[in-house]
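Asker: One letter stands for each residue in the lines below.
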Amino acid sequence: MIDNDTTITAPQLHKFLTFNMADENYGIEVTNVREIIGLMRITRVPGMPDFMRGVINLRGRIIPVIDLRMRFKTGATLDTERTCIIIVQIHRGGNPIDVGLIVEEVADVIDLSSDSVDAVPEFGLSTDAAFLRGMGKHNDTIVILLDIDALLTSDELTAIQNVT
Amino acid sequence: MPPDRWHLDDVYRRIRLDWDGRLMTEEFDLVAELDMLAERLMLVDPSDADDMAALREQYAALLTYAESTDRPELVGSCAYSLDIVTRMPKGDGARESLSDLGTALVGLRDTALGTGLAPSRRIGQPGAVAESEFTPTKSAPLAGDDDLLSDFVARAGEYLDDADERLLTLEREPENRGALDAVFRAFHTIKGMAGFLALNAVEAVCHEAEGVLEVPRKEHVPMTREDISLIFGHIDTMRSLIGSETEEQSLDMTDAKSESEHVSTDHKTRATIRVSEDRLDLLLDTIGELVIAEASAGDTIRKASDRSDELDKRLSRLDKITRELQEMATSLRMVPVKATFNRLARLTRDVGTKSGKRVQCTLAGQDTELDKAVVDAIADPLMHLVRNAVDHGIESDPSVRERAGKPATATIRLHAKQIGSGIQIKLSDDGRGFDLQAIKAKAADMNIDLPEDPSEDDLLNVLFTPGFSTASRVTEVSGRGVGLDVVRRAVESLRGTIDIESEPGKGTSFTIQLPLTLAIIDGMIARVGDEQYVLPTLSIIRSVRPEPEDITNVLDIGETLRTNEGFIPIVRLGQVFGVENAEEDLTNGVAVIVSDGDRKAAVFVCQLLGQQQTVIKPLSDVISDAPGISGGAIMADGGVGLIVDIAGIVRLTLSEGVTQA
Chain H
1 MIDNDTTITA PQLHKFLTFN MADENYGIEV TNVREIIGLM RITRVPGMPD FMRGVINLRG
61 RIIPVIDLRM RFKTGATLDT ERTCIIIVQI HRGGNPIDVG LIVEEVADVI DLSSDSVDAV
121 PEFGLSTDAA FLRGMGKHND TIVILLDIDA LLTSDELTAI QNVT
Chain E
1001 MPPDRWHLDD VYRRIRLDWD GRLMTEEFDL VAELDMLAER LMLVDPSDAD DMAALREQYA
1061 ALLTYAESTD RPELVGSCAY SLDIVTRMPK GDGARESLSD LGTALVGLRD TALGTGLAPS
1121 RRIGQPGAVA ESEFTPTKSA PLAGDDDLLS DFVARAGEYL DDADERLLTL EREPENRGAL
1181 DAVFRAFHTI KGMAGFLALN AVEAVCHEAE GVLEVPRKEH VPMTREDISL IFGHIDTMRS
1241 LIGSETEEQS LDMTDAKSES EHVSTDHKTR ATIRVSEDRL DLLLDTIGEL VIAEASAGDT
1301 IRKASDRSDE LDKRLSRLDK ITRELQEMAT SLRMVPVKAT FNRLARLTRD VGTKSGKRVQ
1361 CTLAGQDTEL DKAVVDAIAD PLMHLVRNAV DHGIESDPSV RERAGKPATA TIRLHAKQIG
1421 SGIQIKLSDD GRGFDLQAIK AKAADMNIDL PEDPSEDDLL NVLFTPGFST ASRVTEVSGR
1481 GVGLDVVRRA VESLRGTIDI ESEPGKGTSF TIQLPLTLAI IDGMIARVGD EQYVLPTLSI
1541 IRSVRPEPED ITNVLDIGET LRTNEGFIPI VRLGQVFGVE NAEEDLTNGV AVIVSDGDRK
1601 AAVFVCQLLG QQQTVIKPLS DVISDAPGIS GGAIMADGGV GLIVDIAGIV RLTLSEGVTQ
1661 A
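Protein chains in written order, with the numbering used here: chain H, 1 to 164; chain E, 1001 to 1661.
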């Protein structure tokens, strides 16, 4: 009999959607992804932080869109033909919220087993490390895995409300 | 026999009857005690000190007994009755108190016997029925049926609302047979429904109410005030019973509630179907989508090169149907303000009775319709205003009123009417009005900025200052201003405005302007730089192209625009929202004169693109607090437009000041 509770469980497989941004590969777990849509008109909302590009109308619902590069302070995402919006569902205070992420290019969906994911190295006190879930190794490339729920932390939201 | 005596006799008779049939109850002592009390109540002379002392003693003994049992509901009722006895006024007020005691006694008896009013026994609990051996134990095969139950809740609610309204009529015209019969019918119908569902407590209360109504009906005598109060009490008891009952019985209470609160139409004259609010909202959403899809399809087709007359004709037909569909869908959410107004009339009566003032409430325009969501949301602020008006606005002494040439009975007037795409609700009283001097003094105490020689409007506006309300001085001296900031906030959150007018000695009136619906907004689309914003048409007075000689920059503090109605501060929308490429030259753009109810501002935009009805959508939680933005709207091209929060932007600019670029 196999005891599931022991540490010797088989490595779990997770599917990740990967995309390229500033020459790095990033991945988010596909269970968070609701759909991928092309770039559409984004309405800027005054008083929001830079990384909050604005809002879009997704089939009658208004959804905020975040520029991931701005979020990671690596410059603004360029709007090209390949630029798209990944609609993800994040959880904040127990409520699911749909949020769009602008990325320059969606790459692939890959399988990563939990034993091929390393912990995030220490970056000092950088808050950005909070949205990192781990470093995945896929073939010969490194995929930076993101923790979607941490993208809009309560700290960040307080910051949003204080911008006037 | 004087009416109060008659009433007490009736109470006595009913207690007696129940008592005779229930000799074997475990609460024997208590019931006997109540029986004696009922007898004493009939004979007591409120002006006789000895009589009253004896009555007080008897109630005190009752309370002591109640405290020896572990039944908190008994203790509560006894303490309440004792309180009435202790505070019983001499003279006229005593009749009312005696009548209250009678009502309380009936309630106490029911509690003692466990026949229903007691919280410990709610119908629908299997054990509850068995507890009282004397209530015929009905099988309750239907009691668990949620659909039937929620239907009952809804219908009983409507009947009770109706009864409430008719009773108010009866109070004014005690001889009104039609109203009397209608009240009776309401109880009778509810009794029937309750019986069917085996809701024994509701049935019992109905039965009691019918008993009270029986005599004036059969003997053609007018209803007494006491009886009317008694019936009002029955209505309240029923409301709370029905509320608690469904909580016990229906696991899916939220569902039942939303259905019961749903579109209220006259069940007697029209056949109606109840639809859950969720499904209705979904329908509205989908129709909103259809409108947008239709518009963009039409756009594409009209731009196409190979368009034909045939296609154009069909397209315009589609366009027309879509628009009709949208209008119909919107009207589905419309309900008359009647129910809310009737509740307010009832509240006026209750607060008046409690504070010993003679107040009547007159209603006008009850059939004015607006969105159910707006009706629901405005009820609380209106109640607050009514309570304030009766409590503080109306003079306590009728002779003061008469000396001022006003009728002894004060009047609260509620008037609703539709104005354009909005509705106006006016609530006025003929009380003493605000004491402007007291407001001025208090404002000085609180360091509230006021002009050198403040106008009446300036002073009345101070009442809306947060925190001003709690000032005891104003409450005592001028009587009003409790929580008016809260009322204003509530009105503004509905995209409405509130205005106040007051004349010392003559009265006060509040004018509330509200949009008809929250789902659709009539908006003016304004271009600012490359961005578009929606200005609610309801707040717009007019728009002007500023002439150079009308623009003044006052000491670099702020720009003002000279208009017929004086100098109006200019709010540069582009600057407030940080829009790039916004027009800098005021004479090249448009100034939209808006009002947030009391303050005006000239909102400067680059261009007005036209008026449009847009479907309002909530902004995502993540950005719901964007300053100066009240929501989002789906525009005809499918994009998102942001709706400007006029009151917010005026406040943001004028109070905190925007530094000039």
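Among these hints, one or two may not hold up.
[As the list claims (entries may be wrong)] Partial list, computed: chain E residues near chain H (C-beta under 7 Å): (1) Ala1329; (2) Lys1617; (3) Ala1636; (4) Gly1638; (5) Gly1639; (6) Val1640.
[To be verified] Over the 12 Å line for every Cβ pair with chain E, so calculated as not near, a few chain H residues: (7) Val33; (8) Asn57; (9) Gly60; (10) Cys84; (11) Asn95; (12) Val109.
[Said to hold, decoys possible] Just the calculated beta-carbon pair ranges, DEER-fashion: (13) E:Asn1564 <-> H:Ala22: 56 to 62 Å; (14) H:Arg34 <-> E:Gln1607: 54 to 60 Å; (15) H:Arg34 <-> E:Gly1420: 40 to 46 Å; (16) H:Asp23 <-> E:Leu1609: 56 to 62 Å; (17) E:Gln1607 <-> H:Ile37: 41 to 47 Å; (18) E:Asp1281 <-> H:Lys137: 43 to 49 Å; (19) E:Glu1565 <-> H:Thr80: 51 to 57 Å.
FYI, nobody ran anything at the bench for these hints, they're computed from the structure.
From a predicted model like this one, the values you see are computed outputs, not experimental measurements.
Glycine included, each C-beta is placed from N, C-alpha and C at the ideal position.
Asker: Under 7 Å, Cβ to Cβ, is where Gly1638 of chain E needs to be relative to chain H, so tell me if that hint holds or is violated.
Answerer: Constraint on Gly1638 of chain E satisfied, holds at 6 Å.
Asker: Could you check if Ala1329 of chain E really has its C-beta closer than 7 Å to a C-beta on chain H?
Answerer: 14 Å, violated
Asker: At 12 Å, judged by beta carbons, does Cys84 of chain H keep clear of chain E as stated?
Answerer: 18 Å, holds
Asker: Looking only at beta-carbon atoms, does the pair Arg34 of chain H, Gln1607 of chain E fall within the given range of 54 to 60 Å?
Answerer: 37 Å, violated
Asker: Check the following: the C-beta atoms of Glu1565 of chain E and Thr80 of chain H are separated by a distance inside 51 to 57 Å.
Answerer: 52 Å, holds
Asker: Closer than 7 Å between Cβ atoms is the bar; does Val1640 of chain E clear it against chain H? Give me holds or violated.
Answerer: 4 Å, holds
Asker: Can you let me know if the beta-carbon spacing of Arg34 of chain H and Gly1420 of chain E is within 40 to 46 Å?
Answerer: 41 Å, holds
Asker: Please confirm whether Val33 of chain H is truly not at the interface, meaning its C-beta sits more than 12 Å away from all C-beta atoms of chain E.
Answerer: 18 Å, holds
Asker: Between the beta carbons of Asp23 of chain H and Leu1609 of chain E, is the distance compatible with 56 to 62 Å?
Answerer: 42 Å, violated
Asker: Using Cβ atoms only, decide whether Gly1639 of chain E comes closer than 7 Å to chain H, and label the hint accordingly.
Answerer: 5 Å, holds
Asker: For Val109 of chain H, is the shortest beta carbon distance to chain E beyond 12 Å?
Answerer: 26 Å, holds
Asker: Would the stated hint for Ala1636 of chain E survive a check requiring a Cβ distance to chain H of less than 7 Å?
Answerer: It is violated, given that the least Cβ distance between Ala1636 of chain E and chain H is near 11 Å, above 7 Å.
Consistency with the previously given hints fails for numbers 1, 3, 8, 9, 11, 14, 16, 17, ordered from lowest to highest.
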